[in-house]
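Chains as they are written, first to last, in UniProt numbering: chain E, 1 to 516; chain G, 1 to 267.
Treat the hints as calculated values from the structure; they're not laboratory data.
Mixed in with the good hints, there may be bad ones.
[What the hints assert, rightly or not] Calculated cross-link-like contacts (lysine to aspartate or glutamate; reagent style EDC-like; alpha-carbon spacing at most 20 Å):
| hint | chain 1 | residue 1 | chain 2 | residue 2 |
| --- | --- | --- | --- | --- |
| 1 | G | K45 | E | E122 |
| 2 | E | K268 | G | E7 |
| 3 | G | K45 | E | E275 |
| 4 | G | K63 | G | E198 |
Please read all numbers here as calculations on a predicted model, not as lab measurements.
Listed below, chain by chain, are the residues.
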Amino acid sequence: MSQSETLKIVIVGHVDHGKSTLIGRLFYDTGSIPEARRQEIAATCKAQGRPFEFAYLMDALEEERVQNITIDTASSFFSTSRRRYVIIDAPGHKQFLKNMITGAASADAAILLVDGTEGVREQTKRHAHVLSLLGIRQVVVAVNKLDMIDYDRQRFQEVENDIRAFLHSLHIVPAHVIPISAREGENMAGRQGHTPWYAGPTILEALDAFGDVRGDATLPLRLPVQDVYTWDGRRIYAGRVETGEIRQGDEVIFQPSGKVTRVKSVEKWREPGLERAGAGECVGITTEDELFVERGEIIARLQQAPIRTREFRASIFWLADTPFRAGATYTIKLATAEVQAVAVDIEERLDSSTLEVIGRHEPELQPTEVGTVLFSLKTPLAVDRYGENVRTGRFVIQDSLQIGGGGTIQTVEGDADRAVRRFSLDDFQVGADGARVVDLSLERNGVELDVTPGFLDHLSAGNRLIVRLRDPVQIEPVALLAYEHNLGFVFSRDRDRVNVVLYRERDGGAEARAAA
Amino acid sequence: MNSHLDELEAQSIYIFREAYRKFENLAMLYSVGKDSTTMIHLARKAFFGRIPFPLVHIDTTYKYPEMIEYRDRMAREWGADLIVGRNESAIAAGTGPEQGRLDCCAKLKTDGLSQTIERHGFNGLFLGIRRDEEGSRAKERVFSPRDKNFEWSYKDQPPELWDQFNTTFAPGTHIRVHPILHWTELDIWLYIQREGIELCPLYFARDGKRFRSLGCMPCTGPIQSNAVTVEEIIEELRAIKTPERAGRAQDQENTYAMQKLRAKGYM
């Protein structure tokens with residue numbers, strides 16, 4: 001067996017277009033069905049008075065077999081000489097869409113199945129749309145049941161044209177559109193000669209040609225803090241490196257708090273002296289400074305930090321039994337962070353099978369519908385746009401007790417910037433004249449200012465703080481600081497720069513008012 | 001990531017840490033078999049050598065003596081807090097497989113487990129089940145809620161995507177967490193080999209027989225085998241054509257036996 005990555009494949013498509021049969025055939029053709037399992041299925045089928053059903057491999061629940069439908073997703077395993085596969089079966093019925101999405105969300109690639117006799121149907125389109133929302137880009141289309149229409153080439157081409165046109169609108173380009181019969185095994189693992197007009201790969205050849213897609217080490221570092229363990233007198237930030245790489249000695253920023261420090265150690269059990277960890281690895285990190293950051297923060301490199309935001313626009317899909325409502329507050333779970341968010345506006349409501357916009361600024365999204373929604377967050381969150389980092393650009397929406405839907409971040413408000421950097425004012429040196437100086441003139445990004453009680457005492461003793469600005473836009477965080485801590489401020493010019501001088505108003509501001 | 005074993009390991013560690021953070025009063029069901037022993041090894045990786053929750057072994061009193069000896073020795077070595085749970089009243093009443101295997105499983109295992117959970121106030125359990133073991137397990141979620149009566153609503157499970165698990169539940173809900181759901185039997189053995197995990201000696205052949213799956217004496221049979229090392233077992237598994245649980249008599253009682261047992265809280 002190859003030791004390369006496992007590829008997870010989801011099989012999607014309209015109900016009764018042959019998903020379970022296709023899966024059964026793949027297992028059968030690759031010799032992955034244990035003999036006793038085959039006998040058990042044969043016996044069950046015989047007892048029900050029907051021919052051998054490959055579908056029974058995955059449809060294991062009694063209700064599934066008796067009613068001949070797939071209720072819930074299941075996964076199973078097979079290998080080719082190229083690599084290992086996990087096959088995820090996804091139910092086709094609309095009422096089981098949440099199960100379909102549960103299955104599909106973890107997939108690296110998909111087989112979209114279309115019945116050649118029936119053509120593209122409602123769930124074919126809805127499932128294709130879900131693939132696009134979930135970011136699954138590697139797709140093979142299988143046009144099934146061609147044995148029932150004598151492997152008619154013209155009919156195959158009509159279906160191929162329909163599905164290609166629809167996928168085009170979703171920005172999905174299928175790797176191949178393959179004419180098959182899952183029942184007969186045509187163009188599955190091998191060819192039986194019924195489609196001499198088809199020159200492309202079989203299903204197995206197409207799967208083997210897919211690339212490995214997980215553990216992207218080429219993107220910037222994203223290490224969401226999953227938990228903080230304070231064991232053996234140390235503070236360990238535990239988490240999984242989602243993308244990029246973390247090294248001992250790296251200067252890193254925690255977002256959204258903006259705290260900056262260096263990585264003291266990268267830890268794994270029984271691996272002392274570990275110097276680095278890459279995408280996909282679960283590690284612990286200790287830092288040089290004692291920071292008090294919590295689960296939900298994302299560790300990144302200072303120059304490539306995620307965006308700190310309180311508002312974003314997302315494509316969402318809704319699965320819960322009750323509608324998604326504009327104006328309602330939901331919990332958004334993104335990586336390991338959880339924040340309260342108000343759905344400010346359902347900007348677009350789409351029909352999830354036709355993708356037509358069926359309304360703008362709507363009050364609700366119904367179950368299984370998709371839409372574009374503007375969220376306002378009650379506390380800041382570190383995010384990426386989905387197009388730039390899939391793993392930190394997607395989230396789920398919790399509706400009271402359950403996950404009700406998911407979404408991908410399209411745009412972030414105040415989008416021109418990158419990270420907001422936070423300064424703690426206690427850190428700055430006292431200048432010759434007794435004033436402390438904070439120099440923001442080199443900061444290209446947004447800033448936030450923090451104070452400590454000790455620093456406020458310093459101001460109370462009559463000292464001043466000089467904040468050197470790059471741009472008048474930076475006045476806002478300074479003014480906010482002054483407002484929150486009851487400080488006075490005046491502007492001063494220093495050649496081409498603007499300075500703001502902060503001081504503590506004595507006597508609750510009476511002095512300043514008298515001066516005014 | 002170097003191999004698919006690294007990938008499987010990382011996913012399990014992620015699940016452990018997520019559950020440990022989200023739920024209080026967790027315990028791990030320890031059946032003394034290869035899967036739950038591997039699961040303990042993964043927990044120690046997740047928590048830097050610790051096992052920060054108790055292990056629970058449900059003792060039906062029909063277990064092999066080698067299992068009990070191994071269990072107690074390993075628990076000491078790991079520094080684990082081991083709780084042994086029994087359905088004492090059913091044992092006193094003489095419950096055994098001769099009155100029906102499924103009934104025996106339900107009383108000694110399922111009821112024994114629910115009594116133990118109740119006595120210790122556990123809100124959730126780690127279980128070492130895998131999707132490839134059997135059909136109804138393949139349908140499981142990683143975080144699987146059970147209601148007050150311990151029942152699994154397999155027809156209406158909550159969505160679970162992108163490693164975002166459902167972690168808030170109505171009062172009275174009991175959560176089952178499955179950190180190795182995504183592993184196969186062969187993965188487990190390859191990992192045991194790589195990590196040098198010590199197993200119960202019953203897995204290794206003696207007098208031409210060994211156990212592939214460990215359970216109670218009356219319902220678990222050995223297979224013909226001369227495999228005495230982990231390497232030999234892996235070779236044997238690669239060639240084998242029978243399912244893992246073929247030696248488990250309770251599974252063969254009727255077609256949907258496992259689904260029915262599991263809907264009522266069986267592991």
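Indices of hints not satisfied (ascending):
1
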